[in-house]
Each structure stands twice: as structure tokens, then as C-alpha cells.
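S.K.: Protein chains in written order, with my numbering: chain A, 56 to 502; chain B, 4 to 253; chain C, 8 to 489.
For the record, the hints were derived by calculation from the structure and aren't laboratory data. Computed from a predicted structure; not experimentally measured. Note that beta-carbon positions come from the ideal geometry of N, C-alpha and C, so glycine has one too. If a hint is listed, it holds; no wrong ones were tucked in.
Selected chain C positions facing chain A (in silico; Cβ < 10 Å):
id	residue
1	Q79
2	A410
3	Y415
4	E417
Stretch-level coverage of chain C by chain A, calculated; a stretch enters the list once three of its residues show a Cβ under 8 Å from a Cβ in chain A:
id	segment
5	394 to 408
6	425 to 437
No farther apart than 30 Å at their CA atoms in a straight line, the calculated lysine-lysine pairs in the DSSO-like style are these:
id	chain 1	residue 1	chain 2	residue 2
7	C	K466	A	K413
8	B	K154	C	K466
9	C	K462	C	K354
10	B	K130	C	K466
11	C	K354	A	K413
12	C	K462	B	K142
13	A	K413	B	K142
What follows is the residue order along each chain.
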Amino acid sequence: MRPSIEHLTTAYESFRQARKVPSWYSEAQDKSWQRFAEHGLPWRKDEHWKYTSLYHLAKIPVVPAPDGHAETGANPVIYTGDQATVIALANGRYTPSSSSPTLPDGVTVTAGVPRDEKRSALSRQVVRPSVLQDLNAAFAEQWIEITIADNTTLSQPLYLWHHTSGEQLLCSPRLVINVGRNCDVTVVEHYGGAGDQCVINGSVSVAVAENSQVHHTKLQTDHDSTSHLINTNVDVSADSRYTSLVIDMGARLARSDLGINLNGQGAAARLYGVFLPAGGQHFDHHSFVKHNLPHTASEQDYHGVVGHGGHGVFNGKVLVQPDAQKIEAVQSNDNILLSTSAEIDTKPELEIYADDVKCAHGATVGQLDETSLFYLQSRGLSRRDARHLLVEGFIRETFATVKCDHFRAFLDQLIETKLNVLVDQLPLDATEMSSSKPASGTGPANV
Amino acid sequence: MLKIENLHASVDDTPILKGINLQISAGEVHAIMGPNGSGKSTLAGVLAGNERYTVTDGTITFQDNDLLDMKTEDRARAGLFLAFQYPVEIPGVNNAYLLKAALNARRQYRGEGQLDAFDFLTQIKSKMKLMDMSEDFLKRDVNAGFSGGEKKRNEILQMTMLEPTLAVLDETDSGLDIDALKIVAQGVNSLRDEQRSFLMITHYQRLLDYIQPDFVHVLANGRIAKSGDRALALELEDRGYDWITREVAV
Amino acid sequence: MANTRDNMHELVERKYQHGFVTDIESETLPPGLDESVIRRISAIKNEPAFLLDWRLKAYRRWLKMEAPDWAQLNIEPIDYQAISYYSAPKADKDKPQSLADVDPKLLETYDKLGIPLHERARLAGVAVDAVFDSVSVATTFRDKLAEAGVIFCSFSEAVKDHPDLIEKYLGTVVSHADNYFAALNSAVFTDGSFVYIPPGVRCPMELSTYFRINAANTGQFERTLIIADKGSHVSYLEGCTAPMRDENQLHAAVVELIALDDAEIKYSTVQNWYPGDENGVGGIYNFVTKRGDCKGINSKISWTQVETGSAITWKYPSCILRGDNSVGEFYSVAVANNWQQADTGTKMIHIGKNTRSTIISKGISAGRAQNSYRGLVKIMPTASNARNFAQCDSLLMGDKCGAHTFPYIEVKNPTAKVEHEATTSKIGEDQLFYCLQRGISEEDAVSLIVNGFCKDVFKKLPMEFAVEAQALLNVSLEGAVG
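Could you build the full structure based on these sequences and the hints that come with them?
M.R.: Right under this line is the structure:
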């Protein structure tokens, strides 16, 4: 049975009475709600929710995040002063008072209901439509649009600080990032905060015009009772390169849908991901790259380390449209299971309708290499530290794309903390992982 | 045997060969030398019929036939052999199978019967000995997992089996150590006679110590800039290519 | 390769070679499906009550089920009432007692297909069960097999002669309600092959079943059950062909394999059902459930398939690796040309400790065909030290076809090691040029490269059939390169 939408229905009823938006917008919201309500929350029989359940979410009596009361909390520790341009969002709403006082040249931020002429944008083509986006559209009162003018090169990252606070709130951030031609920008979205049992159901659209470079990192350190559901849709134009890095550390449930349209010749996307679920956490990455035109390229590399009680999911898809020739696409997902109660489900897919392509994918699941552990121990490291080192090495290569040193140092620090948790949960006994050695007769004789 | 006149060829609309003239008679060994990017490999590719190259002008006559009018496989069957600079790997297809298919295609073209399996084996084993190759080579997949030297030796082995009338060796010596080079040279020399001609494309003079050419040509900027005998190769070894490139530019 | 397209047209004209119809009097039930049809089939076959009950149970379940739609297939709705569920060559009331009683036209049919059934021309070392439409018409070498204690007979005979074995094992691997097509098969299956290898016996020859659909508007629903008792070994091969008809015909088979301790079953398929014509008209709908249960410790089940026929293929030969140290293998070549659609792969379910599985899948797409690999590797918490390796390669020939890969990997045990690799590319132009430069014609070069691509799978087939499979591949793909 599908998860109940009873609480969401109640929430929508109270929301529609209180909302103050133009009528065309409220009608559009009602339509979105209708679409959502007819379908209901996704569940395991929907192919893309085969491994991720939303039943717990149905049990939370959420209310829409109210306007005007939220705090943005402290800015992330490293980003004070001149190291980044902070754009703060509290429970999905733009909060200028907590943001950097000035924006760099070429960058503008607006927030509010979009003007009527942008109506068409409500129904724009997404790579993989989802009912959760209908749910977002139904509740989102404010579109936060970040526009980067042509020929803008930013020396510092735009740091989008998504702060969640309060209890059992439904936050529906809607973010639109338009990058002009010939730009080179780094955007960091950082989701965090202390909200208790909050549900973040966000929608992020990124459009990259010709010949630009965009580095987009999504760092997620939400409270461990939070449900984090973010759908990111990216359109990449000719000769532009979009690089994504998604890092999941917090939240109870984190589901990231990342859809990429490669819409111009010479467009390229590189997607990297790190997920470190443990202690009841469930992290799910769904990526989908559409090669719509010839001479487009994509690369995906996701690394999962699943600790005690963690569940990781990866579903990566590459679609090559008919007549999109001269495509190169590679996709890989490597996973390490650290514990007997860790679980991973991975499904790397290729769907190819053109013939002049070079596509490959690979997926592996395994545990830390016993020989390497032994080697490090023989050099004097404790078993714990040896594990730590190997896991760190396993995920570190993914960070190579982070250009900003400050931010990388910040990431290193966060990862370090998370890894300590992951590794310290494990029993130190060397044999616990291989409780069953190969049956006698197949292994070396006992001496 | 081979007559190239005013040959122009390009890759993706970029002209590479800009008027090559060359004549090779039966029994002659010609060496073409030249700096990187001078068009040496393009010439080899055009001769073999690689569709990457577009011939924009000129003619090539091979044994009184219009070579440019012939399909790649027919050029091969008529006796033109190209030893590839980068021999291609074909997984799952073993060397013996490829060679047998190639030999029989050629025999059929000439109205000869299929080669008897026993004769084939006897023949190839003696050639393999000459090329210092072990017998398990026959069962291995074409060039798959071969070292660079093995691939080049395999090219020459195929050449000795197919007995071409004109063999084009595209940088067969590149990347070979001295022992491998000697073996390759031995294979080539074993085939030399008054009916058969060779066109050796090389970057280094060293090969010519082991296979003595009758003529040496220098290719620069898509044209034959200078022709001579072996002494020219030695001069190039001493002085490099720059002086010729400069001469051409003037 | 400018002139390829010219040659192509000419070569595509080369027709399916097994498309003839045998003109023979048949006894055929009128089209339609209800409980009375099932009772009638069961009555014709004189079945014991337990089997009729089982059929009805399956039928009632089937009525409540929906046809699966998750595969990457475009299927016209099937009218199950328009199909005849039983068709058999009219013979004497009783089944032929010996080959002498078999209609000469039938023997001729199998001769034409290259499967001689009569004594003097039999395939050396291969025992054949020939299934024609709904019934088995002959099984060769039965006496010789009986000497070794091997039971190899039609399913109907097994129901009569070995009801205890049937009752014990039928539906234990693929239950009557496993999936839509398996449930339909369980309700209406008519014949098939049965094999039992007693403990410690190495079957002295290859066993083979040859399936032939002949009658129009019929479906073929056969059921094969192979039991390898402790320490036994058997190699089994099936082949399939059908006449060329403009209507689609349904083939929904079930194969169950059971390997007890230390037993090994090698199951090979060369599937060459009529694929439809170059416009996608006609052809067999091939919806097959094949599953093996490695019940015993150290048991092994190996599936090898060469799939060149059928308009639609929906098929996932699977292994349940229940016994400790058991081994599952899946080697597949799937070719789809013209308008063919294939969605095929495997499931490897690791339950026992130290279980191993290997998946090698080679997909070739040409024309306007769609070819998908779909596979599941599942490591249960109990399967310590499980290992899986999967390699799925796709080769594209022509710019109108598609090649898709959908691997599902589910791991619940940290000591498992699972590796999946896949590549998709077109036939290499540099490889083609190399072969052409050696004087090999383009068709031969393509055939050489494609056969090389499939070699890892072909070498797993029994010798006699590897040659047949290669020839089949060449016929299926002739002229397909573009």
C-alpha cells in the first residue's frame, strides 16, 4: 500500500487558507496538489522508489514552514567574512539579514512568487518528473532566483546556506539558478540545522548558458531526524561544463535526484557523489544524464561507504537519445560495506539509442581489503586507524574537483568527524567481518 | 609497380598531402622519412584505402590498375600489404583464424583453391620460427594483450605469410628494442627479391642499418622535399630534419 | 564503408530457414481458455487428480494477475481467448510405441531441421526428445539411458510412469503463481521433457529437446523438469524453431532445474523461433521462466543461451544458490535484428555461504531492434563470502537500434564481493579496416569480429551446437552492419 498522505492533505488545507499569492499562482498550486494527491507518495512499486521507503514520512504530522519566524542559525564556521558570498535560506525562504551584505558584480538574487510571465516555467521539461516536485510546487511560496550575468567569473563560491529549524515542518525550497554565457562560478548548497523531524522537499533548477563552467556542490549535514528530498534539474548548453558533487552525511533519509540535460554540442557533465550512511540512515542517489545531442560527454563516479545500520542506494542512468552520436559516457559506483547490518542496492543503467557511442559502467560492492589492513597494521597503525585511512582514501579522490581550498579544508574536517563515527561503531575484532571462513576442505588445511 | 602522381589528401578538410610524386619499380626498397606530422602515416593510409583520408587530387597506379578505384580488401588481395603503426586488437579472434581467412580470401581472388589446413600449419610454423615466435601465439587473440614488440612482429609474420607484391611498413620500427628490430628486419629481408617492393615509413635512420634501402625520400609539409640514397638518411641522422624543413619553406 | 548499405539490402533478404509448415493432420482444441479447457487437456493426458488441481489453482491465480510491464518491451496486447491451447498430430489413440509408428512426415520435418530421429542418422552421443506443438513425438536412445538409470522422457510419460517424482518436485522452483506467464503455463502446459539423473551418475550422453511449433493460432506451453540427484552430472540442450506466419504466436514455457549435493546441471539453449519478417510482422512471443535451484552443497547450475529468434524475448534464466559453496553461471548471446525486441538476463540469488556466480552477457543489436540486459544479483545476509562477477557487453550495428543495460545489485552481507562491468559500443571501424586490409571481405570481417565478441559464450556450448550457434549468428546478422 502506498504511504498515507493524510497529514500532507491536512497541511495543504491549512496552507491554502493562509497563503497570500496571486490567483494564477494559487490555481497552479492547486493543480500541482491535485496531481500529487491523485498519485500519492511514491513507494516500492514505483521503479525509482524500489529501495527507498517513505512510510516514516507519512507518520509525521507536518505543517508547512511558516513565514517570517525562522532563524538561520550560525553560518557554517569557515564561511565568515571574505571567504564566500553567503546567501541564507531559513526553512526554504530567503533571509537577506543573514546573508552577505553585498553581492559580487554580475550576481542578483530575487525572491517571491514569480511574475506571471514565468508561468510557463512551472511546467518546464524536467529530466525525470516526480510527484515530489508536484508536492514542492504545491507548497512553495517563494521562488529564489539567482541570476549570474554573462561573462561573470567569481573568485569565491556562492554559499547557499539552507538552514532548517523548528519541529515537524514541511520546508519546500524552490531555487532557480541561471548562469549566463562565458561564466566560471562555484555554487555550494549546504543543507543543515537542528530542525526536529522536519521534511525538506526541495526543487532546484540550474540552467547553464553556452561556454560556462559551473561547479555545484550539495553538502548535506541535516539533523538526524530530518527527511531530505531534493530534486535538482540541470540544463547544460553547448560547450559548457557542469560539475556536481553531492555529499550526504546527515539526515535520517536523504534522497537526491539529479537530472542532467546535455542540450548542446560540446556540453559535458561530471557527477561525483559520496554517501556515508550509518546508524539507521538511508541515503539514496538517483542520477540521470540525458545525452540529447551529438558530441556530449558525461562522467559519473559515486562512492558509498555504508556503516553499521546504514543503507545506501545508487541508481545512475545514462540515456543516449536517437541520433545523438559521438557520445562518451562513463559511470561508476563503488561501495564498501563496513558491517553485517549494512546494506547497499545499486543499479547503474545504460539506455542507448544511437550507435556511435562509447559507454561503459561499472559497479562494485566489497569490504575493506584485509591485506591492506594487515599491511597498515604491520606498519604500526591500530586496526581502527587502518580502517579510517583506507575509507578516507576510498572517498577522497572524489573531492579532487573541489576548487576552493577553504571549502575543501572544511569538507575534510566534516568527513573526518563522520568517519570517526563510522569507524568507531565497528567492533575491533579482526574476524567479525568474516564470521564464516571458507568451508573446510576448500581453504588451507588447519595446522 | 607503383606510381603516385600529384597526390593531395586531407583529413576532416585539413590538407595533409600536398602533391606527392613517387615511383617504385619491382624489387626496389624505398624509405620515406620525415618529421612528425609531415604526412607519412597519411600516405600509408591513403595507399591502403582508409576512408578517414579524402583524396582531393592526383592519381595512384598500382600494377597498371587505378588503385584509388579499388576497395580496401581488393587492394590487399592484389598484393598491397600495410604493416600498421598501431596494430588493432580483435578480442575473441585468434591469429591462426585471421590469417587463414586472409590467405583464403586472397587465393579465391586469384582463382586458387582453399589452403589445406596441414599446408597452412607447416608454412606458418616455419615462418614463426623465423620471427622467433612461440607456437601458442597461433591460439592467442589477434594482438590482444600483446606487447608493442609482439604486435610489430605479428605484422611482419602476416606479411611473410601473405607474400605481398608491395609492402608498406608504417613505422614498424618505432618503439622496438634492438633485438626485436633485428628480428623484424630479418623477416623483411627474407622476402626481398626482384619481384617484390617495399615502402618503409620511418622516423629513424636505425632501421635502414638493417634493411638497406635503394632510395630515401624526405617528406616535409606534405611533399617529398628531397630524394637520395642511403647517404641522405645518414645526413638526416647527423643534421636532423630542420634544415630540410627550412629548405622547403624557402 | 560506402557500399555496405547496398549490400545490406540484398543480404537482409536472406530468409529464416526453418519457416516451412508441415502439412499434417492435427487434433486441435478450439481457441479459448476457461476451466473446461484445462480439464479437457488434463483428461486427454489422463492425468492424476493432484495435477488437475494444481492446474486449476494456477489458472485461478492467473485470472487475478496482470501481465508484467516493467520490461523494456513494446508488446501488443495478447488475446488469450484467440489462442488454441492444445494441438497434436493426429495419431492412433495411443502415443506411438516406437519410431516406426511415428508419422513419416514428422520424421521428415525433423530431418529438415537437422535433427534426425531415426536410428541410422541420429546425432551421435545426443539423445533427443522431439516436441511437436503440444506433444512429444519421439525420444531417442531411451534404452541406452535406462541402462545408466537415467530417466529421459516426455513430461506426459513422466506423469504416468513417475508421478511420485513429479508430485515431489513440480513447482518447487517456479511455483504455480510465480509470475503471469508461469501461472498461465502451469494451468495449460501440455508437454515437455523430464530428466532424472540418479545419485552418482554421470549422464552418458548429451540430452536434448527439440521444440517445434507447427500449427497456426496455437501457443506452445511446455514444461521441463530436470532433477540431478546427489553427485550426478548432466548436460542438456534445447533448440526451437517455428514456421513463418504473419500472426504472432505465444510460447510460454517453464523450466525447473534442481541440483542436489555435488550435482551439476549444464543447460544450453539455442533459440531460433521465427523472429518475424523485416517489417516486424509475425514472429513468436517468447515468454519463458527458467530457474535452477542449487539446493545441495557444492552443486552447480550453468545456463548458456544463444538467443537469435523470436519477435519478443522475455527470459531470465536464474539460479538460487541455496547450498553452501554452490555455483551459478549464466552465459548469454542475444541477437536482435530488424524489429526484434529482447529483454533478457538472469537472477543470481545468493543464500548459501561461499556461493559463486558468473554472468557473461553479450548483446548485439541491429536494424531497428531493441536489446536489453536485465539482471539481478542479490546477496542475502546468510551468504557470507559470496562472489559475483558480471560482464555485460553490447554491440550496436546501425543507428536505429538500441542497447540497454539494467543491472540490479542488492547486497546485505559485507563479506560479499560483487563486480559488475558493462560496455556499449559500435562495431570497431579500426577493426574492420584492419581485416579489410588483410583482404577479408566486409561480411566476413563483421562475422569474424562478432563471433570474436561472442566467443566467451560460444566456448561454453557443447561442441556440436557451438558450430550451429555460430552459423545461426551469421545468418541472423547478415547485412546488418551499417
